[in-house]
Each structure stands twice: as structure tokens, then as C-alpha cells.
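Undergrad: Letter by letter, the chains look like this.
There are 2 protein chains.
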Amino acid sequence: MNKYVVGIDLGGTNVKAGIVDEATGKVVVSKSIKTNSEKGVEDTFDRIANLINELLNEKNIDKSEVKGAGLGIPGPVINFETVTFFANFPWERNLNIAKILEEKLELPVKVGNDANVITLGEAWMGAAKGYKNVLGLTLGTGIGGGIVVEGKLVEGFTGAGAEVGHIKLEADGRLCGCGQKGCWEAYSSATGIIREAVLRLRVNKNNLLWEKINRNINELEAKHIFDAAKEGDKFSEDIVDFAARYLALGIGNLLNVLNPEVIVVGGGVALAGDFLFDKVKKELSKYALSVTLEGVEIVQAKLGNDAGVVGAAALLEI
Amino acid sequence: MNKYVVGIDLGGTNVKAGIVDEATGKVVVSKSIKTNSEKGVEDTFDRIANLINELLNEKNIDKSEVKGAGLGIPGPVINFETVTFFANFPWERNLNIAKILEEKLELPVKVGNDANVITLGEAWMGAAKGYKNVLGLTLGTGIGGGIVVEGKLVEGFTGAGAEVGHIKLEADGRLCGCGQKGCWEAYSSATGIIREAVLRLRVNKNNLLWEKINRNINELEAKHIFDAAKEGDKFSEDIVDFAARYLALGIGNLLNVLNPEVIVVGGGVALAGDFLFDKVKKELSKYALSVTLEGVEIVQAKLGNDAGVVGAAALLEI
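One line per chain: the protein sequences are A and B, in this order. With full-length UniProt numbering applied, the first sequence corresponds to residues 1 to 318, in that order. With full-length UniProt numbering applied, the second sequence corresponds to residues 1 to 318, in that order.
Hints in this document: simulated from the structure, not taken from any laboratory. Remember, predicted model here, so these are calculated numbers, not experimental data. Here a beta-carbon is modelled for each residue, glycine too, at the ideal position from N, C-alpha and C. A couple of the hints might just be wrong.
[Unchecked claim] With a straight-line cut-off of 25 Å between C-alpha atoms, the simulated SDA-like cross-links for lysine to any residue are: (1) K286/B to R195/A; (2) K279/B to R195/A; (3) K129/B to E150/A.
[Said to hold, decoys possible] Away from chain A, derived, C-beta distances all over 10 Å, residues of chain B: (4) L55; (5) L56; (6) T82; (7) N218; (8) L258.
Please model the entire structure based on the sequences and the hints provided.
TA: Given below as C-alpha cells:
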């Protein structure tokens with residue numbers, strides 16, 4: 001009888017592995033180690049396998065009780081096994097990572113893109129549990145996304161499904177970190193919102209936000225902007241309105257394409273809560289067809305810090 | 001042994017039914033009658049069932065040789081059976097059309113949105129045969145779309161999946177027939193392209209296009225614009241560039257969201273051929289991430305006038 005599933009969140013700096021209870025989606029135990037990708041693929045996955053074996057021993061879990069391991073990585077993944085390229089690691093292209101880890105771990109392994117699996121985790125045991133058509137958004141440094149259609153993750157032909165942060169909301173608009181212009185994340189990610197605030201603060205410092213950051217632009221975080229706006233600072237609320245308008249534009253476009261039943265929003269920007277999302281919902285009717293707005297729910301992500309591990313584990317579950 | 005499948009294309013004015021050979025996707029026989037939706041649902045489907053029985057008799061095909069009937073309709077469809085509302089007919093909401101026709105026809109029936117099933121048909125036996133991740137676009141009066149992921153049609157939660165003509169490419173941009181602003185089809189459909197030409201012709205009549213339409217704005221069709229541009233008319237080529245830029249912007253956004261392996265483009269505007277699509281492809285690298293452009297093919301639709309019937313039949317096949 002399977003009772004557990006392993007989830008691994010492979011990041012540029014750290015890799016976090018956890019043992020997840022299949023019935024509840026709760027993390028029983030987890031631990032992080034340095035990724036040290038420069039030591040090579042074999043070395044990294046040897047250490048990951050050792051880490052998992054150590055966690056299993058610690059909890060007296062036999063491998064016969066483990067269904068398998070899911071792995072979320074920062075890069076495009078195809079067939080739930082092959083990473084076409086690693087954005088941040090000096091590893092070769094088209095590596096069958098599932099096979100590499102399966103041999104070391106002696107368990108079935110499935111691999112997914114890290115942004116995609118976060119949505120999968122929310123659909124398995126989080127805010128979208130029980131829903132079959134889910135759009136997940138993570139509003140952080142960038143905008144990540146994941147799409148679940150009829151319970152299945154949309155990987156995409158080259159593993160780049162749901163790169164929604166790079167849909168263009170302005171032709172030849174603001175420069176994005178990807179090198180292209182007008183990307184959604186250049187407007188509505190934490191980075192995009194901070195950029196807009198910096199631009200505005202250059203011409204107007206007579207506002208609460210400027211005081212909140214101690215008149216030091218380097219202290220500025222998205223949270224300051226939302227906090228000042230909630231305290232009635234018109235200057236800051238205008239910036240929130242700017243972000244909300246682009247959030248509605250991007251979400252509206254995705255509603256018209258995918259017509260999901262629920263949108264799960266996570267990441268730092270989502271912590272602004274209803275203050276932000278009430279504004280987004282108000283704007284949405286301008287951009288989404290009414291038929292795609294019917295009955296759709298916009299909810300906050302639930303998995304928090306465990307999202308990467310639980311999401312990776314979900315690769316084995318749905 | 002099943003050898004045939006019925007396809008029905010239900011339009012506002014006419015309904016066309018055809019018998020399709022399962023092995024080849026070819027239409028063996030087809031016939032159109034008036035829809036006359038004002039006579040009511042029962043009357044319309046009685047006449048459709050009679051039409052199909054007549055076609056089967058004509059070809060001496062027994063119902064035991066027919067797998068079932070697919071029906072494409074202009075409206076949102078859920079569970080391949082229920083039409084949530086009819087855009088053009090005075091029929092009630094949430095009708096289980098599959099059940100209504102099944103009883104009359106004594107064959108299994110599946111229902112799909114008309115724009116969606118065109119893509120399904122191309123994936124079954126047309127330009128996208130053999131592909132599992134397909135985006136279909138029909139550039140005509142509007143822009144219709146269909147999305148196939150892992151061989152399955154994306155219906156959407158309320159049946160409005162792939163309403164891609166209404167993604168917004170300009171916030172608060174040009175007014176669209178849907179009542180919203182900035183929709184893709186307000187720029188790159190035949191209607192959108194003609195509108196742009198009309199606007200430009202009001203201020204400049206010193207061009208080949210004006211001569212081609214016999215100095216009569218009412219004669220203007222999209223074809224005139226493409227023809228004049230191909231003959232070297234700079235005024236007309238600028239309009240084509242305008243349409244191509246918005247086509248690339250819309251297609252680029254869909255590539256970043258869906259990462260399909262093939263895009264099938266049909267409809268009147270697609271007849272402009274490589275002259276238009278070479279321009280679109282050139283612009284695409286500004287809007288689509290390079291990973292979503294890798295290996296993707298953009299091809300012309302193949303099913304032509306049979307697209308509606310063959311697409312509807314495909315509902316039973318994939």
C-alpha cells in the first residue's frame with residue numbers, strides 16, 4: 001500500500017526535498033541542501049537521493065510505502081521526464097532527469113516545470129482541490145503560471161506551456177527581463193510594480209510611500225506600496241490601480257483562451273489580498289467575455305512555503 | 001463494423017449535414033437545408049434527422065455502419081452535449097442537444113462549438129493530422145479558435161474555451177462587435193483589416209487600392225488589399241503590415257500560453273498565403289519566447305468548405 005510520495009523542489013541555490021502524506025498532501029518532513037549545480041548532474045542527484053533516503057530513514061518509512069518522487073525544476077520539461085534546457089545550471093540540454101534520479105532512488109520519478117507544478121499542487125490538495133480546469137498564477141519577482149485542463153497539466157510541445165508572464169499586453173511596451181517588450185510581468189509582478197513606483201517617485205515625493213521607505217528608494221518593496229495605499233495614500237493607490245488594470249488585462253485574456261473554473265493566485269503580490277483583487281475583479285468585465293466570467297472563482301493559493309514540494313509530489317498523483 | 005460518421009454544421013441560416021468516411025475523413029455526400037430556427041428546436045432537429053436519414057438511404061448506408069453524429073453549433077457547449085446558450089437562435093438556455101438529436105436519430109451524438117470543431121477536424125484528417133497539441137485559428141469576419149491539448153479539445157468550464165478572437169491586444173483599444181475594446185479580431189480579422197483600410201482611404205486616395213475598388217468604398221474586401229499589396233502598392237502593404245503585426249502579437253501570446261506544435265490557420269484572410277505569413281513569422285520573434293517558437297509549424301487549413309461537417313464528425317473520432 002502506498003502511503004507517501006516524495007516531492008523535490010530544485011532551485012538555483014537550494015534544493016528542498018520532502019516526504020508528503022498521500023492522503024492529506026501534508027509534508028511529513030522536509031530538508032534543504034545547497035544545489036551546487038556546478039559539481040555536475042550526477043553529483044547533485046546523488047546528494048538529492050541521499051537526502052531522500054535520510055528523510056525516509058528518519059521517519060522509518062520503507063520504500064515500499066512510497067509511490068514515487070516528483071521533481072520541480074526551473075526549465076521546460078517534456079514527457080514528464082526530459083528537461084530541454086536548464087536556465088540556471090551548467091548542465092547539458094535534453095537530459096532525461098527522471099531516468100537519472102530513478103536509477104539512484106529506485107523509485108518512479110516524474111519531472112515538471114517548477115511554476116507548473118505549483119498549480120498542480122494547488123489542484124491536488126490546495127485552493128483548487130476538486131477542480132478540473134485550473135489556471136495558476138504566481139505573482140512574485142516574475143509572473144509564473146500553470147494550466148490544468150481536465151485534470152491534466154498542459155506541458156506544451158517544448159515544455160514551455162503556461163509561460164503566461166510573457167504574454168504581451170502592450171506591443172513594444174516596457175522592457176522585460178526576458179529581453180522582449182510589453183510582457184505582463186513587466187507590469188504586474190512585484191518587480192513591475194516596484195518599477196512603476198520608482199518611476200513615479202522620481203517626479204513626486206510628496207506622499208506616504210516616500211516616508212514609509214525612509215526616503216530611501218533602495219528600501220522599496222511591493223508591500224510598502226500596498227500598505228501605503230491601504231492607509232489612504234492616493235499616490236500609492238494609483239500604482240495599485242495600475243497593477244490591477246494589467247492584472248485584469250492578463251487574467252481576462254487567459255479567461256478568454258482557457259475558460260478555467262478557478263484561478264489560484266499565489267506569490268508575494270497576492271498577499272495584498274482583497275484590496276488588490278477587488279480592483280482586479282472590477283476591471284475584469286472590460287477584458288473577459290461575460291461567458292468566461294460566469295461562475296469563475298479567483299482564490300488565494302494555500303500551499304505557501306510547501307508549494308514547491310507538494311506541487312512536485314502532485315506529479316505522481318494527478 | 002463502423003465505416004461512417006455523420007457531421008452536421010448548424011448555422012444561423014443553413015444547416016449542412018454530411019456522411020463522412022471514417023477511414024479517410026472524406027465527405028461521401030452532403031446536403032444543406034434552411035435552419036429556420038424560429039420554428040423551434042424540435043422542428044429543426046426533426047428536419048435534421050430526416051435529412052440525415054435521407055442521405056443514408058441515398059447511399060444505401062445502414063445505421064449499423066454509422067458510428068454516430070457530431071454537431072457543430074454557434075455557442076458554448078459543455079460535456080459535448082449541452083449548449084449553454086444560442087447566440088443566434090430563439091431557443092432556451094442549457095439545452096441538452098445531444099440527447100434531443102440522439103432520440104430522433106437513434107445514433108450516439110456529440111456536440112461541439114463550431115469554431116472549436118473546425119480545429120478538431122484539422123487535427124483529425126486535415127493540416128494537423130498526427131499532431132497532438134494544436135492551435136486552430138479561423139480568420140474571417142471574426143477570429144475563431146480551437147485548442148487541442150494531448151489530442152483532446154479544450155471545451156472550457158462554461159464551454160467558452162478558445163474565444164481567442166477576444167483577447168485584448170490594446171487596453172481600451174478599438175471597439176469590437178462583442179462590445180468590448182481592443183479585441184484581436186478588431187484588428188486582424190477580415191472585418192478589422194477592412195476597417196483599417198477604410199480609415200486610411202478617408203485621408204489618402206492616391207493609391208492602387210482605391211482604383212481596384214472602382215473608387216467605391218462599398219466594394220472593398222480584404223482580398224483587394226492583399227492583391228494591391230502584392231502588386232506593389234505601398235499604401236496597401238502598410239495595411240497588411242498592420243494586420244500582420246497584430247496577428248503576430250496574438251499568435252505570440254497564444255504560443256506563450258499553450259506552446260502548441262502546430263498552428264492551423266484558415267478563413268478568408270489566410271488565403272493571402274505566404275505574403276501575409278512571412279510577415280507574421282518575421283514579427284513573431286518579438287512576441288513569442290524563442291522556446292515556444294522552436295519547431296512550431298504554421299500551416300494553412302486544408303478542409304476548406306468541408307471544415308464544418310468534417311470537424312463535427314471528428315467529435316466522434318478524437
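Undergrad: Now, for every hint given, state plainly whether the structure supports it.
TA: Each hint tested on the structure:
As the CA atoms of K286/B and R195/A are separated by approximately 22 Å, the hinted pair is consistent with the 25 Å bound. Among the hinted pairs, K279/B with R195/A is inconsistent with the structure: their alpha-carbon atoms are about 33 Å apart, more than 25 Å. Simply put, K129/B and E150/A have alpha-carbon atoms about 22 Å apart, close enough for the 25 Å limit, and the pair holds. Listed as a non-interface residue, L55/B keeps its Cβ farther than 10 Å from every Cβ of chain A; the least gap is roughly 33 Å.
The claim that L56/B is not at the interface with chain A holds, since no C-beta of that chain comes within 10 Å of its own (minimum 33 Å). Taking the minimum C-beta to C-beta distance to chain A, about 14 Å, the non-interface status of T82/B holds against the 10 Å cut. Taking the minimum C-beta to C-beta distance to chain A, about 31 Å, the non-interface status of N218/B holds against the 10 Å cut. The claim that L258/B lies off the interface is violated: its Cβ sits roughly 6 Å from the closest Cβ of chain A, which falls inside the 10 Å cut-off.
When held up to the earlier numbered hints, the structure conflicts with 2 and 8 and fits the remainder.
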